[in-house]
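Chemist: In case you want the letters, here they are:
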Amino acid sequence: MSIKSPESNWFKPPEGSERLWVGVALVWCMVMFLAMPYWHFKGKQNSTGESYAVTPAEFQKRVNRFVETNKVGEKNGIPVVEPSPGGDAYLMGQMWRWYPILKLKEGQTYRLHISSVDLQHGFSVLPININFQVLPGYDHVLTLTPTSKGIFQVICNEFCGIGHHLMTGQIIVE
Amino acid sequence: MGNFLEGRYRTCNTTGLPVCLDAQFFIKAHAVAAVVFFLIGAIAALLIALTRWSAVHLLPAMWFYRVLTLHGLNMLIFWIISFEIAILYFAGTSLLNSRLFSRKVAWVAYVLMVVGALMVDYIVLIGKGDVLMTSYPPLKAHPLFYLGIIFFAVGTLIAVFNFFATVYIARRDKTYEGSMPLVAYGALAAAIIAVVTLLHGATVMIPSFLWSLGLVEHIDAGWYRLVWWGLGHPSQQINVAAMVAVWYFMATLTTGAKPLNETVCRAAFVFYILFINLASAHHLLVDPGLNASWKIWNTSYAMYLAVLASMIHGFTVPASIEVAQRLKGFTRGIFNWLTSAPWGDPGFASIFLSIVIFGFIGGITGVTLGTEQINIIAHNTLRIPGHFHATVVGGTTLAFMGLTYYVVPLIFQRDFYFKKWARVQPYIFASGVVLLSLGMSFAGSYGVPRRHWDVNFTGAPLSAGFDAAAHFFLGVLGIGGILAFTGALIFIVLTVLAVFFGKSIAGQPFHGWQPAEKFKLSMEIFSRKKDEKFEQIAHKVPGTVVLVFVLLISFMVYYFANWKALADVWWVR
Ligand code: HEM
Ligand SMILES: [Cu+2]
Ligand SMILES: [Cu+2]
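Here the protein sequences come in this chain order: A and B. According to the working numbering, the residues represented by the first sequence are 1 to 174, in order. According to the working numbering, the residues represented by the second sequence are 1 to 573, in order.
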């Protein structure tokens, strides 16, 4: 009993309504559990955590190379870069910007490499609201297929110092 | 037979439980410290809520993050854990009919905890620890920040050891017969989980401390997150286990309830211990470096068995209340037992509201957001604090407030002033927390980030922002925050007035919340043997069945709506 020792014969299975509820709850838990592997194979949105070790300096080099070879324009002094469909794209988190601006094609798939060259950052695309964690030392690869057109804002949703709210970027989908 | 030392115990005039005077001293000490930390955290809460309310935007950026750090640490760690140590000391002694193992050990633990907490608060306030509660590297704080946390954690471990030693001497001296009472069992579960989480804490905080001193060169960001959340998330299960123990305790004290089936309740506590340590995954679902099967297995605590445990407690506590009420004669219809419950008793109101908020908001959102893939549309948005303000504030904190309304008269032996205010306080706090939590959750579903000073992104190189609906929900957050703060303040003022200036009621029974004859009736119902009549009523608890099925349906609707929302976003692997 709650504040006294229970009667000695307390060990017994649940009965009546309680048993019903335990059973129903267990089934629901199993449904929720199986939903995840199901979606892993059938769903289009998954978080596989694919990533490779990379030093901040090395990542920065790759980003610069990517910008040089694929740059198609400039906006507010920031390069706009268009990777080839099916190819690699790079996005660098840095206090306090997402670099560069990406230009993608609707329905095409890209391997988007995201990493940080300083603190942890949060990759968050608005207004569609998808979010991934960005860590220094980890080249986080998202195999991404934009399914809608428009200009999307990238913001940072991991605290990265006093200018955290200034950290924005852009993905243009045509 | 108790093992109390001569003259160092008394018998509670209200409940008849034995009270070890040494334990009583430390229960008071930890409870007072807890309320002080709660006050610091609550002032911080008001300031940050008024900053997140975008139309008010009170604090400057620097102070927002500083005060947010202060809020997280004082609330989630210092307030909650200090209070839990008080609960452990109570459960280990009064419920097991035993003396406290050691006063000296208790002193060491107490001093370490208080000094550690004050160190951390000092460092944060002078601006040397603007790293938020999680202190993710490479963000670096002053070494005393980490040392303060280590002190607090070691102090907690020592206090938990004192509790285990108390359980040990109680068993050795056979101070109780048969199995230990359920509430003590729940406290034991909380203590076991605490040890595991605190070991994670040591694993991550000691290297961080050395790193801040320059003795360790590098801390891997991913490793830190993995181990830190081994501290951060399972410690929420300490809170859940302790909260559930308080639910059982208060249900007994305020209505005479007792569990229908001890096996089920105890098994549910065991599930917490076995499955919760996997839970650091909840925070790492969209992290690099961890693969999908790891994420799926760990985020579901091995097939949601810890969720099952909470769903069980969410049934057994109201069901036990229903049975007690029906035995008292409130048998009309499905809900007469509930409508005639002691709603004016702040102890009862607090725990019942706590059960409802924890289940309907905290539980449902938690499981959904912690689903591997759904986390993609929730990670680091305001949906996350929207969830945990319904668990750890509307659930745990509110339950602890309810307990305090009995701790003050029964342990401090002081009477409250302004009892009417106490009776409405749980409702004010609960409605504030509900608004706060819903405001956060809905704003978050537009993608509004958590831990963010300016959602208008003023001055950013590329513009960004949210539409009016998101700002409206930030307003709901703000108004809920003001209301919750008001509720918190009433609680603090009433408690402080009673503890330091209240009329002594030593030697008298306390019937401030319910008339003596009602309390007597409850205790009679509680002491009744589990006879045929009890079993008959216990097998059929229609009111509780309706409540839990409403919960299940809400759960399913919310859960599948989130899968639908996920299906609409860009494809990503
Ligand atoms: C008194 C009423 C309370 C109000 C109005 C309140 C309000 C808030 C607000 C506005 C935030 C900031 C959300 C963000 O920008 O990310 C927050 C964060 C938080 N709150 Fe509360 N809160 C209250 C009570 C509590 C309590 C009692 C606890 C714990 C027991 C708690 C734990 C936290 C934690 C852990 C965070 C996250 C800190 C972080 O992101 O580092 N809060 N709260
Ligand atoms: Cu950032
Ligand atoms: Cu940031």
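Heads up, some of the hints might be wrong.
[As the list claims (entries may be wrong)] Short derived list, chain B residues pointing at chain A, Cβ under 8 Å: (1) E6; (2) G7; (3) D173; (4) G178; (5) L182; (6) N261; (7) V286; (8) W453; (9) F472; (10) G475; (11) V476; (12) V541; (13) S554.
It is worth saying that the hints were derived from the structure and are not from the lab. Note that the Cβ used here is the ideal one computed from N, Cα and C, for glycine as well.
Chemist: Next step is simple, just say for each hint if it's right about the structure.
Modeler: Cross-check of the supplied hints:
Hint status for B/E6 relative to chain A: violated, with the closest Cβ pair at about 25 Å, above 8 Å. Taking 8 Å as the C-beta cut-off, the interface hint given for B/G7 is violated, the closest approach to chain A being about 25 Å. About 15 Å separates the beta-carbon of B/D173 from the nearest beta-carbon of chain A, more than 8 Å, and the hint is not met. Annotation: interface hint on B/G178 holds; nearest CB of chain A at approximately 5 Å, less than 8 Å.
Interface hint at B/L182: satisfied, since its Cβ lies 5 Å from the closest Cβ of chain A, which is below the 8 Å cut-off. Among the interface hints, the one on B/N261 holds; its C-beta lies about 5 Å from the nearest C-beta in chain A, closer than the 8 Å criterion. Taking 8 Å as the C-beta cut-off, the interface hint given for B/V286 holds, the closest approach to chain A being about 5 Å. Against a cut-off of 8 Å between C-beta atoms, the interface hint on B/W453 holds, since the closest Cβ of chain A lies about 5 Å away.
Given the 8 Å rule on beta carbons, the hint for B/F472 is violated: about 16 Å separates it from the nearest Cβ of chain A. Look at B/G475: its Cβ only gets to about 19 Å from chain A, farther than 8 Å, so that hint breaks. Here the hint on B/V476 is broken, as its CB sits about 19 Å from the closest CB of chain A, past 8 Å. Contact between B/V541 and chain A, as hinted, is supported at the beta carbon level, the nearest pair being about 5 Å apart and thus within 8 Å.
Among the interface hints, the one on B/S554 is violated; its C-beta lies about 12 Å from the nearest C-beta in chain A, farther than the 8 Å criterion.
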